[in-house]
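Start from the sequences, fold in the hints, and give me the full structure.
Listed here are the chains, written in short residue letters.
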Amino acid sequence: MTMEPGTVPAPPNRTAWQRIKKWFLARPWAARLVVILMLFIAWEIAARFFVDKIFLSPPSIVFTSLHTVFETNGVPRALEISASEILVAFLMSVAIGLIVGLGVGLNRFSHRSFMPIILLLYGTPQITILPLFILYFGIGPASKIAFGVSHGIFPIIVTIVAGVQNIKPILITSAKSMGASRWHIFRWVIFPHMIPSFFAGMRLGMTGVLLGVLLAELYVSTAGIGYFTSLFTQSFNPTKLLGLISVLAAMAIGLNEIVRRAELHYSRWRMN
Amino acid sequence: MSASGDRRRASLASRGMQFAFVVILVGVWYLGTTYGGISPILLPNPVAVYHELMDVLATGEYVSDLRITLMELVTAFSISSTVGVTLGYLISRSQYSIRVFEPLFAGMYSVPVILFLPLYILFFGLGPASKIALGVTTSFFPIILNTIAGFGYVDRIFVLSARSMGASEFQLFRWVLLPAALPIILTGLRIGFTVALLSILGSETIASLAGLGHRIVQLGEGMDTARMFAYIAFVVVIALILNMAVSTLEARAKRP
Amino acid sequence: MNDIAVKVRNVSHQFGEQGESLHVRALLDTSLDIARGELLCLIGPSGCGKSTLLNVIGGLLEPTTGTVHVGNTQVKGPLPQQVAYVFQENALFPWSTVIENVKLGMMFQGVARTEREPRARKSLTAVGLADFADHYPGQLSGGMRQRAALARALSLETEIILMDEPFGALDEQTRMVLGEDLSALLSQTGKTIIFVTHSLGEAVFLADRVAVFSARPGTIKEIIAVEEPHPRKPAFMTSEKFTLLRNQLYSLLHDEIRKAVMQSTASERAAASGRGTGKGAPS
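Chains as they are written, first to last, in our numbering: chain A, 1 to 272; chain B, 273 to 528; chain C, 529 to 811.
Be careful, since some hints might not be right.
[As the list claims (entries may be wrong)] Label pairs and their calculated CB-CB ranges: (1) Ala83(A) - Gly696(C): 54 to 62 angstroms; (2) Leu25(A) - Arg339(B): 49 to 57 angstroms; (3) Val51(A) - Thr306(B): 55 to 63 angstroms; (4) Arg182(A) - Arg365(B): 52 to 60 angstroms; (5) Met495(B) - Phe186(A): 34 to 42 angstroms; (6) Asn515(B) - Ala175(A): 22 to 30 angstroms; (7) Pro192(A) - Met495(B): 47 to 55 angstroms.
[Claimed, not checked] Which stretches of chain A does chain B cover? Using the computed rule of at least three CB atoms under 8 angstroms from a CB of chain B, they are: (8) 28–42; (9) 222–234.
Keep in mind the hints are simulated off the structure, nothing from the lab. The beta carbon of each residue, even a glycine, is placed where N, CA and C say it ideally should be.
As structure tokens, this is what we get:
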């Protein structure tokens, strides 16, 4: 077979189907959207034709009726309450986690003494003592905040300790060799080094706080969203229940995304 | 050598600190409840808790609840592990499907799965089915993500080498893909098991008619705080044993 | 005639399509005859397509155009009965012992179970690893791992062995020893070996013929014959003949190497600017 020197023969012409397939092949996100779409369609079909209306509601109805969820007496207030519980718990977790994390991480002795205890507590199933939290803090927001803090502080402490401990000793040595004081070393070497871990810890902490607050709300609630999930469940109202859950899920995703973006932004020097 | 002597002294000192910490904690607890006039409903006396615990163990009262919780755990984990590993393998077969599906599953991590519980209660009622459903949902994601990671990122050189020697699809799977992916998959299974246990205990606490989580709640509502503490201790130990067992299995299976 | 083991005719290969960011013309109209029982070296600058040609010969890659014949069969996929591979990177399975690795290879090829053990032992002895049969690859040095990979290839008892820079990751001294052993092995077994390398000295020391590639898109510039019987003695390395041949290779390759380096810095610059504007090569 003779060919022009320096050329490689061109591929054959494509059919329309091949072109569509190629378009999707280059864009995984498009295929993903299709998959999600198909899941929603499956949900719609299942809810309309196969499952009793008191158990499942199709997405078309759930999302067009979202406003009824908000119009239900007390729901907006409940969302506000739960959101503030999450925020307060998160801020407290960060504050406590930072203090304890720095305290344990910076001091070799306290690290060796207290870290095992902290890890032990981190590993125990806290859900078992939820009733105790209610017993001690009551059925109002305080117990939700407390349970949220209890879940949120541990990842923050652990990641801050790791961030502080992982500093390459050479960095501290070189700072000392240039005459840095203890405060200088903390402020300009240890602290900046620890920031990415801190943000990673906050991301995990937010997940923990969400979990803790939601668990406590679902367990017992008189005015928070747990009250309404209970209400909608017991009154067999899947439309409103699914609507409320979607709102809560969106809120959780939003909060997680905010913290994740913050983490990425402050961890740029760690990118490699 | 003074260096190792220093180290020994340092670790002895921290051990001492831990010991002192625990002793002080328990001591305050004991003294506070015995002489401090704290209501036994709020904080029971450690001695009372101990007696209740012994009673629970001796009478075997825990058996029915333990059986239910374990049944829920085993069922949920069996379902999520078989479905997760199978589906994960199928997805891992092409780089494209990995790129389509992996972010989907990873994205689910930001949703607190506990939110599905009211749905499952609505659907399945208060019995074990709703707990199993939640257990499956929670443990499914770490399992499938680790399976995809394990199979999907097997070094290409191994596949190329086996193919060049004439390996069939099955031989490739059995002798190359599976052993290469196994460590990561096992980690995923361990994580899945742990979170399944936690979510099952959680759902039993929140809305259930039976099981260990429910028992704790029941005792709390009945103001039998001493016995409740006993059960809490019992459940914590069970969880510890189960987690250690699973970790050991994982480590042993990973050894070449 | 049955003297030709492998016939390569007008093979060209490109990765990706014209106009795509990942488009690479790796090989251009390459033709080659490889005689039975010879050790042929493919040498050339980075990216010249020598590994691509090896993969095409081994049936691991289907060329955009052109054909390869091994014996009388056209290559359309891996030919495990006729062709064995030794890769540069460690392709030994880290989760199996050395001897298990060798036996696995035979199982893939379809050797009967009872034959696997004796063949494995034989080939491990041939490469000097008889005492390390039950070790894991992670416990061995780089040189020993490549010996094990060679043993696996030998145990498959194929006529042809393809080796893709097998000693590339090893230090100079290990390479020297392994090269001498390979030459000795070759004289004993009479296999046809196609060997890709970067090292001029290695090419001259091992090969019966050396095919020199041009820079990308690669094609064979010239083939040099090394007339020296196997097993090659260490004395050959210091001989005048060796130096002459090596110098000949160097002058052929020098310009091509420079060209290849220019090509790679140009493409890296393009990729870096593409990254800045948000366009990147698909991974």
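May I ask you to test the hint 34 to 42 angstroms on the CB atoms belonging to Met495(B) and Phe186(A)? violated (49 angstroms)
Outcome for the supplied range 54 to 62 angstroms, where the beta carbon pair is Ala83(A) and Gly696(C): With a Cβ separation near 60 angstroms, Ala83(A) and Gly696(C) satisfy 54 to 62 angstroms, so the hint holds.
CB of Leu25(A) to CB of Arg339(B), is that within 49 to 57 angstroms? holds (51 angstroms)
Do three or more residues from the region 28–42 of chain A put their C-beta atoms closer than 8 angstroms to C-beta atoms of chain B? Coverage by chain B holds here, the residue count being 5 at a Cβ distance below 8 angstroms.
A range of 52 to 60 angstroms was offered for this pair. Does it hold for the Cβ distance of Arg182(A) and Arg365(B)? Since the Cβ atoms of Arg182(A) and Arg365(B) sit about 56 angstroms apart, the hinted range of 52 to 60 angstroms holds.
Within 47 to 55 angstroms: is that where the Cβ-Cβ distance between Pro192(A) and Met495(B) falls? holds (52 angstroms)
8 angstroms C-beta test of the region 222–234 of chain A against chain B, three or more residues: holds (count 4)
Measuring from beta carbon to beta carbon, are Val51(A) and Thr306(B) in 55 to 63 angstroms? holds (57 angstroms)
Beta-carbon spacing of Asn515(B) to Ala175(A) - inside the hinted bounds 22 to 30 angstroms or not: violated (41 angstroms)
Of the numbered hints listed earlier, those contradicted by the structure are 5, 6.
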